[in-house]
Amino acid sequence: MMAPRYLATVICLLLFAGSEARNVLMIVADDAGREMQVYGNTECKMPHLESLAKRSVTFTSAFTAVSSCSPSRSAILTGLPTHQNGMFGLHQGYHHFSSFDKVRSLPGILSEHGIRTGIIGKKHVGPEAVYPFDFAHTEETESILQVGRNITRIRDLVRQFFSSNDTRPFFLYIGFHDPHRCGHTHPEYGSFCEKFGNREPGMGNIPDWTPTAYDPSELTLPYFVQNTTVAREDLAAQYTTLSRLDQGIGLVLRELEASGHGQDTMIIYTSDNGIPFPSGRTNFYEPGVVEPLLISSPEHQSSWSGSTAVLSSLLDLTPTVLDWLSIPYPKYYIQKKNEPVVLTGKSLLQYLNGTTNIPPVKGNSVRTNLVHSPRDNDEAVFFSHDLHEITMYYPMRSIRTPKYKLIHNLGYKMPFPIDQDFYISPVFQDILNHTRDMTPLPWYKTLQEYYYRDQWELFDLKVDPEESYNVAGKGSYKDVLKELQFQLWKWQNQTYDPWICGLGAVLQDSGAYADHHGCFPLYNKV
Numbered sequence: 012m013m014a015p016r017y018l019a020t021v022i023c024l025l026l027f028a029g030s031e032a033r034n035v036l037m038i039v040a041d042d043a044g045r046e047m048q049v050y051g052n053t054e055c056k057m058p059h060l061e062s063l064a065k066r067s068v069t070f071t072s073a074f075t076a077v078s079s080c081s082p083s084r085s086a087i088l089t090g091l092p093t094h095q096n097g098m099f100g101l102h103q104g105y106h107h108f109s110s111f112d113k114v115r116s117l118p119g120i121l122s123e124h125g126i127r128t129g130i131i132g133k134k135h136v137g138p139e140a141v142y143p144f145d146f147a148h149t150e151e152t153e154s155i156l157q158v159g160r161n162i163t164r165i166r167d168l169v170r171q172f173f174s175s176n177d178t179r180p181f182f183l184y185i186g187f188h189d190p191h192r193c194g195h196t197h198p199e200y201g202s203f204c205e206k207f208g209n210r211e212p213g214m215g216n217i218p219d220w221t222p223t224a225y226d227p228s229e230l231t232l233p234y235f236v237q238n239t240t241v242a243r244e245d246l247a248a249q250y251t252t253l254s255r256l257d258q259g260i261g262l263v264l265r266e267l268e269a270s271g272h273g274q275d276t277m278i279i280y281t282s283d284n285g286i287p288f289p290s291g292r293t294n295f296y297e298p299g300v301v302e303p304l305l306i307s308s309p310e311h312q313s314s315w316s317g318s319t320a321v322l323s324s325l326l327d328l329t330p331t332v333l334d335w336l337s338i339p340y341p342k343y344y345i346q347k348k349n350e351p352v353v354l355t356g357k358s359l360l361q362y363l364n365g366t367t368n369i370p371p372v373k374g375n376s377v378r379t380n381l382v383h384s385p386r387d388n389d390e391a392v393f394f395s396h397d398l399h400e401i402t403m404y405y406p407m408r409s410i411r412t413p414k415y416k417l418i419h420n421l422g423y424k425m426p427f428p429i430d431q432d433f434y435i436s437p438v439f440q441d442i443l444n445h446t447r448d449m450t451p452l453p454w455y456k457t458l459q460e461y462y463y464r465d466q467w468e469l470f471d472l473k474v475d476p477e478e479s480y481n482v483a484g485k486g487s488y489k490d491v492l493k494e495l496q497f498q499l500w501k502w503q504n505q506t507y508d509p510w511i512c513g514l515g516a517v518l519q520d521s522g523a524y525a526d527h528h529g530c531f532p533l534y535n536k537v
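Each residue of the sequence shown is one higher than the one before, starting from 12 at the first, in our numbering.
Hint data in this document are derived by calculation from the structure and do not stem from the laboratory. All values derive from a computational prediction rather than experimental measurement. Here a beta-carbon is modelled for each residue, glycine too, at the ideal position from N, C-alpha and C. Treat the hints with care, since some could be wrong.
Simulated crosslink set (DSBU-like; lysine-lysine; CA at most 35 Å straight-line) [as the list claims (entries may be wrong)]:
no. : residue 1 : residue 2
1   : Lys-485   : Lys-414
2   : Lys-473   : Lys-456
3   : Lys-414   : Lys-424
4   : Lys-414   : Lys-493
5   : Lys-56    : Lys-113
6   : Lys-493   : Lys-65
7   : Lys-501   : Lys-473
8   : Lys-485   : Lys-501
Cβ-Cβ distance ranges computed for the label pairs, FRET-style [unchecked claim]:
no. : residue 1 : residue 2 : range
9   : Asp-112   : Thr-152   : 20 to 30 Å
10  : Val-537   : Gln-274   : 51 to 61 Å
11  : Glu-151   : Glu-460   : 15 to 25 Å
12  : Asn-216   : Thr-178   : 35 to 45 Å
13  : Asp-226   : Val-517   : 50 to 60 Å
14  : Pro-532   : Asp-226   : 54 to 64 Å
15  : Gln-312   : Ala-224   : 18 to 28 Å
16  : Gln-171   : Val-537   : 31 to 41 Å
17  : Pro-351   : Ser-487   : 41 to 51 Å
18  : Ala-224   : Tyr-344   : 46 to 56 Å
19  : Leu-472   : Ser-521   : 17 to 27 Å
20  : Phe-497   : Phe-111   : 43 to 53 Å
21  : Asp-112   : Val-517   : 18 to 28 Å
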C-alpha cells in the first residue's frame with residue numbers, strides 16, 4: 012500500500028558552505044510540499060527536487076510547528092513556537108501580529124557573527140528589528156507576484172546577491188509564493204495563479220517557465236480531498252504552479268553553482284505548513300503538518316540518497332543552522348527575567364554523521380523543575396496554534412510520536428474557522444454546495460464533523476493513518492492518553508505557553524504567584 016501523499020505550504024531551502032566558509036540559503040514557498048516521487052507522489056512532475064533528493068538525506072517524518080504562514084515562518088527563523096515568540100497569527104494587513112521585540116532570530120544572530128544576510132520573496136514576519144536582513148526584496152518592497160512567483164525575477168535577484176563583492180559567509184532566504192492560493196487576491200490568474208506568466212493573452216510572460224498541465228481525471232486524489240470533478244480541477248491547478256516552483260528551484264541551484272558555491276554548500280529543503288485543502292492548512296491533522304525535508308551536505312556524501320524516519324520539526328532548523336555554523340545560541344530573556352530562552356528543538360546534523368557540535372540544551376524550569384532531555388524530542392514533536400487570520404481564534408496544542416497523535420482543541424465548543432482564500436476556493440465551495448443541497452459528497456467527513464471537534468483527539472496512527480477514529484475515550488488507550496497529556500503539558504511549561512491553563516481556568520503568574528504559577532478554575536464547563 013502506497014504511503015499517504017501530502018502537500019504542504021512553504022518551502023525552505025537552506026544552503027550552507029563547506030569547511031572554510033559556510034553559507035546558508037533558505038527557500039520558503041507557500042503551499043508546496045511532498046509532491047515528489049521520493050515521498051510517494053509519482054504524478055506531480057518535480058524533476059529538480061527529485062535531483063536534489065538524490066544528493067540528500069530524506070527525512071520521512073518531518074513536521075511543521077504550526078500550520079499557518081507567519082507563525083510557521085517565525086518558528087523556522089527563531090526556533091521558538093508561536094506562543095513563545097509572539098507571532099500568534101498572520102503578520103500583515105489588519106491582522107498585525109508580530110513577534111515580541113526581544114526575540115532573537117537567525118538573521119539577527121548570524122549578522123552579529125559576521126554572516127551576510129539576504130531575503131528574496133515572501134517574508135511575512137515582523138517586526139523588522141527582530142528579522143533584519145542586509146539584502147531585501149520582499150512583499151514589503153515590491154509586488155509579491157514578481158518576487159514570489161516570477162521565477163525569472165527571482166533568478167535575477169539571486170544572481171545579484173551572489174555577484175556582490177562581499178566576501179562574508181552568507182545566509183540567503185528565498186520565499187516562493189508558489190503554490191499558495193490567489194483566488195481571493197488575483198482571481199484573474201486562476202485559483203492558484205496557475206495562469207500568471209503562462210503567455211496567454213493578459214497573463215504575462217515568465218520567460219524561464221514552461222507550464223506543465225495536468226489532466227484532472229487522471230490524478231490520484233489523497234484521501235482527505237473529495238472525489239469530485241471540481242476538487243480534481245483544483246488539485247490540477249496547484250500541480251501546475253508546483254511545476255513553476257520546481258523550475259524556479261532549478262534556476263536558484265544553477266545560480267549557486269555559477270557563483271562557485273556548488274561544492275561548499277549544504278542544502279535544506281522543507282515547507283512551512285499544510286496544503287490548502289480540507290484537513291490541511293490551519294489543521295493539526297496529518298495533511299496540515301507533514302512536511303518534506305531534504306538535507307544535502309557536501310561533507311556527508313556517503314549519506315546521499317539515504318533516508319531517516321527520525322521525528323523532526325521545523326523548530327529544529329534554527330539549532331541545525333547554528334550547529335553547522337558553530338554559532339552558540341545567545342543568552343537572553345523574553346517573559347522571565349531570571350529564565351533565559353532555551354531552544355527545545357535539536358540539530359539535525361547528527362542524523363547525517365551521528366555527531367553534533369553543540370551539546371544538548373536543557374529546558375526551562377518555569378512553573379516546575381522539569382528538565383528537558385534531548386531524548387524527548389527524538390520521540391515526539393509538538394505543535395502550537397492560536398490564530399491564522401485575526402477572526403480565526405481556535406487555539407490548539409498537539410503532540411505526535413511515531414505511533415500516536417494527541418490534539419488538544421482548547422476552543423472545541425466553537426466551530427473550526429475557515430480562512431478567506433480557502434473559503435472561496437473551488438474545493439471548499441464544492442463541499443458547501445453539496446452540504447447545502449443535501450447531495451451525496453464523496454468525502455471522508457461531513458462538514459459538521461469538520462467544524463465541530465472533540466476537546467481531546469487521540470489517533471493511533473499505526474492502525475488509523477487517516478485519523479478517522481478518535482480513541483481518546485476508549486479505556487484501552489487510557490494510559491496512552493495520560494502520558495501524552497503529561498508530555499504535552501511539560502512542553503508547554505518549557506516554552507512558557509500562556510494557554511497552559513486552557514479556556515477553563517485563569518493563569519496567575521505574577522505578583523504573589525510569580526514563583527509558583529497556578530491555574531485557577533472558572534467553572535465555565537470547559
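Taking the hints in turn, this is what the structure says about them:
no.	hint	verdict
1	Lys-485 <-> Lys-414	holds, 16 Å
2	Lys-473 <-> Lys-456	holds, 20 Å
3	Lys-414 <-> Lys-424	holds, 27 Å
4	Lys-414 <-> Lys-493	holds, 15 Å
5	Lys-56 <-> Lys-113	violated, 43 Å
6	Lys-493 <-> Lys-65	violated, 41 Å
7	Lys-501 <-> Lys-473	holds, 25 Å
8	Lys-485 <-> Lys-501	holds, 24 Å
9	Asp-112 <-> Thr-152: 20 to 30 Å	holds, 22 Å
10	Val-537 <-> Gln-274: 51 to 61 Å	holds, 57 Å
11	Glu-151 <-> Glu-460: 15 to 25 Å	violated, 40 Å
12	Asn-216 <-> Thr-178: 35 to 45 Å	holds, 36 Å
13	Asp-226 <-> Val-517: 50 to 60 Å	holds, 56 Å
14	Pro-532 <-> Asp-226: 54 to 64 Å	holds, 57 Å
15	Gln-312 <-> Ala-224: 18 to 28 Å	violated, 37 Å
16	Gln-171 <-> Val-537: 31 to 41 Å	violated, 54 Å
17	Pro-351 <-> Ser-487: 41 to 51 Å	holds, 42 Å
18	Ala-224 <-> Tyr-344: 46 to 56 Å	holds, 54 Å
19	Leu-472 <-> Ser-521: 17 to 27 Å	violated, 40 Å
20	Phe-497 <-> Phe-111: 43 to 53 Å	violated, 28 Å
21	Asp-112 <-> Val-517: 18 to 28 Å	holds, 26 Å
The structure fails to meet hints 5, 6, 11, 15, 16, 19, 20 from the earlier list, while all remaining hints are met.
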